[in-house]
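Going down the list, the sequences are from chains X and A.
Every number in our numbering is 4 more than the matching position in the first sequence, counting from 1.
Every number in our numbering is 4 more than the matching position in the second sequence, counting from 1.
Note that these hints are calculated values from the structure, not bench results.
Quantities reported herein were computed from a predicted structural model and do not represent experimental measurements.
Warning: the hint list may mix true and false statements.
A pair counts as met if it fits within one copy or between any two copies, since identical chains are not told apart.
[What the hints assert, rightly or not] Each computed BS3-like pair below joins lysine-lysine, with the alpha-carbon atoms no more than 25 Å apart:
no.	residue 1	residue 2
1	124	143
2	143	122
3	62	122
4	62	143
5	103	122
6	215	230
7	103	230
8	103	124
9	215	143
10	11	71
11	47	215
12	122	47
13	11	103
14	11	47
15	160	71
16	11	215
17	160	230
18	71	122
There are 2 protein chains.
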Amino acid sequence: MSTSSIKALVFDVFGTVVDWRTSISTQAAEFGVRHGVSADWDKFADDWRAGYGAGMAKVNAGEDEWKIVDQIHRERLDVILREYGFPTIDEDELVEFNKAWHRLSGWPDSTTGLARLKSKFLIASLSNGNVALLTNMTKYANLPWDAVLSAELAGKYKPHPRAYQRTAELLGLEPGEVMMVAAHNNDLRGAINAGLKAALVTRPEEFGDSKAPDLEPEPDFDYFAKDFHDLADQLGCE
Amino acid sequence: MSTSSIKALVFDVFGTVVDWRTSISTQAAEFGVRHGVSADWDKFADDWRAGYGAGMAKVNAGEDEWKIVDQIHRERLDVILREYGFPTIDEDELVEFNKAWHRLSGWPDSTTGLARLKSKFLIASLSNGNVALLTNMTKYANLPWDAVLSAELAGKYKPHPRAYQRTAELLGLEPGEVMMVAAHNNDLRGAINAGLKAALVTRPEEFGDSKAPDLEPEPDFDYFAKDFHDLADQLGCE
Chain X
5 MSTSSIKALV FDVFGTVVDW RTSISTQAAE FGVRHGVSAD WDKFADDWRA GYGAGMAKVN
65 AGEDEWKIVD QIHRERLDVI LREYGFPTID EDELVEFNKA WHRLSGWPDS TTGLARLKSK
125 FLIASLSNGN VALLTNMTKY ANLPWDAVLS AELAGKYKPH PRAYQRTAEL LGLEPGEVMM
185 VAAHNNDLRG AINAGLKAAL VTRPEEFGDS KAPDLEPEPD FDYFAKDFHD LADQLGCE
Chain A
5 MSTSSIKALV FDVFGTVVDW RTSISTQAAE FGVRHGVSAD WDKFADDWRA GYGAGMAKVN
65 AGEDEWKIVD QIHRERLDVI LREYGFPTID EDELVEFNKA WHRLSGWPDS TTGLARLKSK
125 FLIASLSNGN VALLTNMTKY ANLPWDAVLS AELAGKYKPH PRAYQRTAEL LGLEPGEVMM
185 VAAHNNDLRG AINAGLKAAL VTRPEEFGDS KAPDLEPEPD FDYFAKDFHD LADQLGCE
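Isolated chain X, as found in the complex (with noise of 0.2 Å):
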């Protein structure tokens, strides 16, 4: 297709930017170092991130009202540092280390395949996580964006179509003018339904051996890339 009707590319943090399992395995491994706790790290970076897509579920069903994604994570936390045997930890450190997912390192190519994208395109997060963890996890991970967007200014999770459609909305952009860039499928569904562009960039190494990556487009997604530097030759960018 033609790139000419693209102005801006939005993206999928949490996984397609940023690898947070192993950011997260690495911080609660120290955490629990402290504590005196051993466990599976990986694991319980799972287990702290499974609260999360129930947690969106909830509000984007309006059985909760609207909750940020720090939040979402430190009710999560709550319950499995107690599942894990943890002891009773200080609020102050509680609430540091609930930041864990705002201290999130960036994939390989992330920072320098996001500023070749940059050189033709706005480029913006489309996040669910909030804007507060979004904004220092940009100046942790050192990541280029033009604008930090987040569902969290639209008032519904993605795959709702009014994150995707507020966000076109605040760029000025038509929903067509912009392209979602994620390594979900079901992100990019979304993207789709609400009139957005969509390209898959896959990461492998996402999940570990704990869940299948998707690595395959759909058949209407519009680019299918290895990496940011992938989709950046795609797209015609030096």
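Given the coordinates of chain X, assemble chain A onto it according to the supplied hints.
For chain A alone, coordinates are given in the frame of chain X:
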């Protein structure tokens, strides 16, 4: 004062970070030549800008529904083009010319000074300009924001307290952990009323000869600097 409680700096943009008057005057002069109109283009810029405060005040007073600054600019443009004797112009060209406000140049210290401030603080815009306008300007003027925030995300224009408080909330900070940086005392007064800290950075050239700039801080402002490098020095940035 100690800088240790300040986590984020949020910046007024029009006048404080970018030289809107020269940028608009230059683009308007080119537009005038194209349509065979001669005028004092600095005055044209001032006249265009004059619709801004009144348009926002109506929104804050509830006399008008939420209206983004792009729309406020456009309504005023339609009025002044008639006043200046322009012929009928194609809609597409008007849409494009209205985006002159997305293409404003920074002051000489803006990009480098912001980069220094960014090394120690989270930095974000807090403008009444809409997100699309600010995002395009960020790219145009090479402004290294960690996040592009706007009164649009609060649904109230500065100096309404909600604009400042919503910004702190989106950054996950208490109002007192955020310092507003602006060249305008009324904006800083609004910030203080909302619980933020305040730094006046003077921009003596903002209004040319048409209006006196604010060159003296009020007694309860926290910082007073002549430009962003001076502010970076005072805040202990490298």
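Verification of the hints:
1. 124 with 143: Classified as both: same-chain Cα gap 22 Å, cross-chain 11 Å, threshold 25 Å.
2. 143 with 122: both (17 Å within a copy, 9 Å between copies)
3. 62 with 122: Neither: 35 Å inside a chain and 37 Å across chains, both beyond 25 Å.
4. 62 with 143: neither (30 Å within a copy, 37 Å between copies)
5. 103 with 122: The answer is between: 20 Å across copies meets 25 Å, while 28 Å in one copy does not.
6. 215 with 230: Within one copy, since 19 Å is at most 25 Å while 56 Å is not.
7. 103 with 230: Answer is neither; intra-copy 29 Å and inter-copy 36 Å both fail.
8. 103 with 124: Result: close only across copies, 19 Å inter versus 33 Å intra.
9. 215 with 143: neither (29 Å within a copy, 38 Å between copies)
10. 11 with 71: Classified as between: cross-chain Cα gap 23 Å, same-chain 31 Å, threshold 25 Å.
11. 47 with 215: within (11 Å within a copy, 63 Å between copies)
12. 122 with 47: neither (35 Å within a copy, 36 Å between copies)
13. 11 with 103: between (33 Å within a copy, 15 Å between copies)
14. 11 with 47: neither (39 Å within a copy, 33 Å between copies)
15. 160 with 71: both (10 Å within a copy, 22 Å between copies)
16. 11 with 215: This pair counts as neither: shortest intra-copy Cα distance 34 Å, inter-copy 38 Å.
17. 160 with 230: For residue 160 and residue 230, neither the intra-copy (29 Å) nor the inter-copy (43 Å) Cα distance is at most 25 Å.
18. 71 with 122: neither (31 Å within a copy, 29 Å between copies)
When held up to the earlier numbered hints, the structure conflicts with 3, 4, 7, 9, 12, 14, 16, 17 and 18 and fits the remainder.
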